[in-house]
Amino acid sequence: MAGNERVDVLIIGSGASGAAVAWSLAETRMRILCLEQGDWVRSTDLPSNGRDWEARRYTDFDISPNRRGRDTDYPVNDDNSLMKIANFNGVGGGTVIYTAHWPRMHPSDFNVKSLDGVADDWPVDYWTLERFYDENDRMMGVSGLAGDPGVPPRNPPMPPIPLGKTGAHYAKAMNRLGWHWWPSDTTIATTAYDGRAACINLGHCTPGCAQGAKASTDITYWPLALRAGVELRTRCRVREITTNEHGMAAGAIYYDADGREHFQPAEVVIVACNGIGTPRLLLASASARFPNGLANSSGLVGKNLMLHPWPIVSGYVEEALDGGRAPITSMWSKQFYETDPARGFVRGYTLQFNRGTGPANEAITAAATGRLPWGRDHHRVYRELLGHRVGIGVACEDLPEEHNRVTLDPVLKDSHGIPAPRIDYAISENTRRMMEHGIARAEEILTEAGAKRLHASRTVLNSPGHLLGTARMGDDPERSVVNGWGRCHDVKNLFIVDGSIWVTSGGVNPTSTIQALALYIADQMKQRLATLFD
Amino acid sequence: MGNDAETGLSAAEIRDLGDIAGTMIPADPAFGVPGADDPAILADIARSVGRDLPLVRQAVAAIAAKSVGGFADLDRDGKEALINDYYAHGGAPAVALGRVILGAYYRDDRVLLALGLEARAPFPKGYVLEQGDWSLLDAVRKRAPFWRDDRTTTAGER
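Chains as they are written, first to last, in this note's numbering: chain A, 1 to 534; chain B, 1 to 158.
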């Protein structure tokens, strides 16, 4: 095995959180190395450059690693989960293929035990994270509009994405219903921003933005981190984190692009592999000293997986709209976000209003839901659908439950022989009631908007790739994996900064909070450098 | 007969696939569009099968098995009824078959132009998105903040 030169900080994973923490720690002038199992994604390789742009979202840019099947991916056994796992392995991680919808958690999301009597409170609160949200918004570049009465004050640095025909259509219906709506915050640049070009409405944001208007960390944090001296090695797949005779993390064993095994020693190890990859790595790092997996004396590594059930209700209106020729994100509603006991469930959801999709994807999704026939009537019906789609996503908070978990699959392995993660996940009764409430409200909105041919898809089609909760934060080492600033209770030079440390999930897309937390943890580390391992 | 090196499909399978594709999406002079069995589109479909080859092969075989006397010998109504029934109940193979055919069909220049769309990739030209009527937001701006401030509320309060 090749031995490498020791570094001060080893970060595993270059996605949303790994990039943010690398950039923040760079000012310490420590020697920082990040290992990433995937490649850099070149903008010229992104689907919207070519005529096969829609087909590629079902092949090499599919959100499912099992379907995508790149040699940089690892398989996931999600057979025992209604929701299928979505991720991306490459520099930038999931930010390469996210929709760039950018809500923050609400203050109440950090205190669900105190406020609603369920799950647990977080060891940090919104107000502690607020300045890190703001810093992250500047770094990623957020477009939005201040003044939303549904969320705490924030000041996006760029104006919002235009309402367009679709947004205005929704807005009229929401105003008639008297329900809250607001243009979504998004990390799609609406003006030139920090070297990024403004959005030109490619209409295909999810599988990467060839224009570079969508913020992914390969074009936001990483160029700055690299310039500040951080080293990033791609195609390096970590097999395990090793420990020394003192029970401290010694470094990591990884395979390089040629399959050669290396040992990378480090003073500090930071895991940023997302809510599936992180517990997989910790469980795969079991040793005589840590027989149940690294940092797992609580037995909670891999447990409490939260995936955000995300029903989508769609339909078609008579008016020709602008779907497929603009970002899918349009606006949100917080009308049903905060707990109302009268609804029959606790916690709540965000409604996310989407624009339609391109010609092939419209046909594929309409056929899959039985709304586009085959045969002689195909063309007539298709012309009533293309450009007329409206759709609302119901972003449901799912509460932590220990039976929802990540374990190591006893059979399935990746191309290096590392056990694949196995997912066991079921939707709780509280969440089901929340989903049905949200579906009914979405149907009400779309009906008010004049939509017909309504269809609600509840789970499998809509995995949002929000991977949360499997190495939770907390002050009690028996009930959590990391402390209130990301350090593992069991291994004092091992930190976790990704979505796995979430205590509860909120009802919002998680990336802004994942990154705010990563910046907060990096800040805590910098403040405590002299006593970091005490 | 061996399989085509590029598509993995045999000539007979491509012929059957063309018959099925042409039934699923027939040519329609009224709309000015070719069918999915058009030679150029069918070649694109065959090239696009890729990782879905096992599923598409299953779908073609399942349709053949359901066709008493052979799919090609059914009349048009019979073919359409069989296809619509199979697609509704055929699971992953049916979905894969539809996805491959639709993905290739709806990127053909003739089809896109007939729909009034430009036959091009989204990048680098992009599209224009109108601002829309922002005065619609005035009603929402008048609302008082209603997010739950954990600094001031207790359990059960809104």
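Everything labelled a hint here was simulated from the structure, so no lab data went into it.
Take these hints with a grain of salt, some might be off.
If you want a taste of the chain B side facing chain A, the calculated C-beta under 10 Å gives, among others [unchecked claim]: (1) Asp4; (2) Leu117; (3) Glu130.
Computed from a prediction, not measured in an experiment: that's the story for all the values here.
Cβ atoms here follow ideal geometry from the backbone N, Cα and C, with glycine treated the same way.
Do the hints match the structure? See the list:
1. With a least beta-carbon distance of about 19 Å to chain A, the hint placing aspartate 4 (chain B) at the interface is violated under the 10 Å criterion.
2. Proximity of leucine 117 (chain B) to chain A holds as hinted, the smallest CB-CB distance being about 6 Å (cut-off 10 Å).
3. A hinted interface residue such as glutamate 130 (chain B) counts as satisfied when its beta carbon comes closer than 10 Å to some beta carbon of chain A; here the least separation is about 6 Å, so the hint holds.
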